[in-house]
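Novice: Each chain, letter by letter, is given below.
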Amino acid sequence: AQSVAQPEDQVNVAEGNPLTVKCTYSVSGNPYLFWYVQYPNRGLQFLLKYITGDNLVKGSYGFEAEFNKSQTSFHLKKPSALVSDSALYFCAVRDLNTDKLIFGTGTRLQVFP
Amino acid sequence: DAGVIQSPRHEVTEMGQEVTLRCKPISGHNSLFWYRQTMMRGLELLIYFNNNVPIDDSGMPEDRFSAKMPNASFSTLKIQPSEPRDSAVYFCASSTQGRDNSPLHFGNGTRLTVT
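Sequences listed follow chains A and B, in order. Quick note: the first sequence, position 16, residue 23 per this note's numbering, numbers continuous. Quick note: the second sequence, position 86, residue 90 per this note's numbering, numbers continuous.
Calculated directly from the structure, the hints in this document are not laboratory data. Please read these numbers as outputs of a predicted model, since none were measured by experiment. Each hint can be trusted.
Below, simulated DSSO-like cross-link-like pairs (lysine-lysine); rule was C-alpha separation at most 30 Å, straight line:
#, chain 1, residue 1, chain 2, residue 2
1, A, 107, A, 76
2, B, 72, B, 28
3, A, 107, B, 72
4, A, 107, A, 29
5, B, 82, A, 107
6, A, 65, A, 84
7, A, 56, A, 29
8, A, 76, A, 65
9, A, 76, A, 29
10, A, 56, B, 28
11, A, 107, B, 28
Sample of chain A residues facing chain B (criterion: CB under 7 Å; computed from the structure):
#, residue
12, 39
13, 51
14, 107
Distance windows between CB atoms, simulated:
#, chain 1, residue 1, chain 2, residue 2, range
15, A, 36, B, 45, 24 to 32 Å
16, A, 60, B, 7, 25 to 33 Å
17, B, 19, A, 86, 44 to 52 Å
Note that CB positions come from ideal geometry on N, CA and C, so glycine has one too.
Could you build the full structure based on these sequences and the hints that come with them?
Specialist: This is the structure in structure tokens:
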């Protein structure tokens, strides 16, 4: 079965510093991977996806993610964090057998001024 | 584009009462998903529709839960009778045809509290 794991419940970073939110995946076949962000009292918003091609994927709000097949990882990154980036971040993988989107448990990002 | 619209935003009800959550997907989207979010279980897919037809309802927890999509612009999730353990935030999401990896667009959710 397809799955993703987000090993960190929370990530703290100072404003202006680079940030990384980790995600590892387990799939049979080619992975279709996604990152979503959830702000308080809001639904999830799509940030970026990896389907095929360049391992570095650029998305909304200056975020990018690096697909690493050998490490089965798809970490979310941003060169310079903003306080407004503080939110809950979800990694997800599409299960090609069921066509469902399987979400990780989420990582809370806290950016301090 | 108004996005996915859910109503009500908040619902407080007593155990045993019927609860109906509503969703209007984005126009032109033909896939619709109902998710439930809790601290304990995270995000759970309850059911999803494609072209108004339920494709997979294996995530629906019990027979007390039912969902309908009578047309392309409206869906309901009903809980009857409701129980305190149903308290959660329920999200509706829509997208274009499922297998093209188009992103899901989520509504802002309905926070359900069952006392």
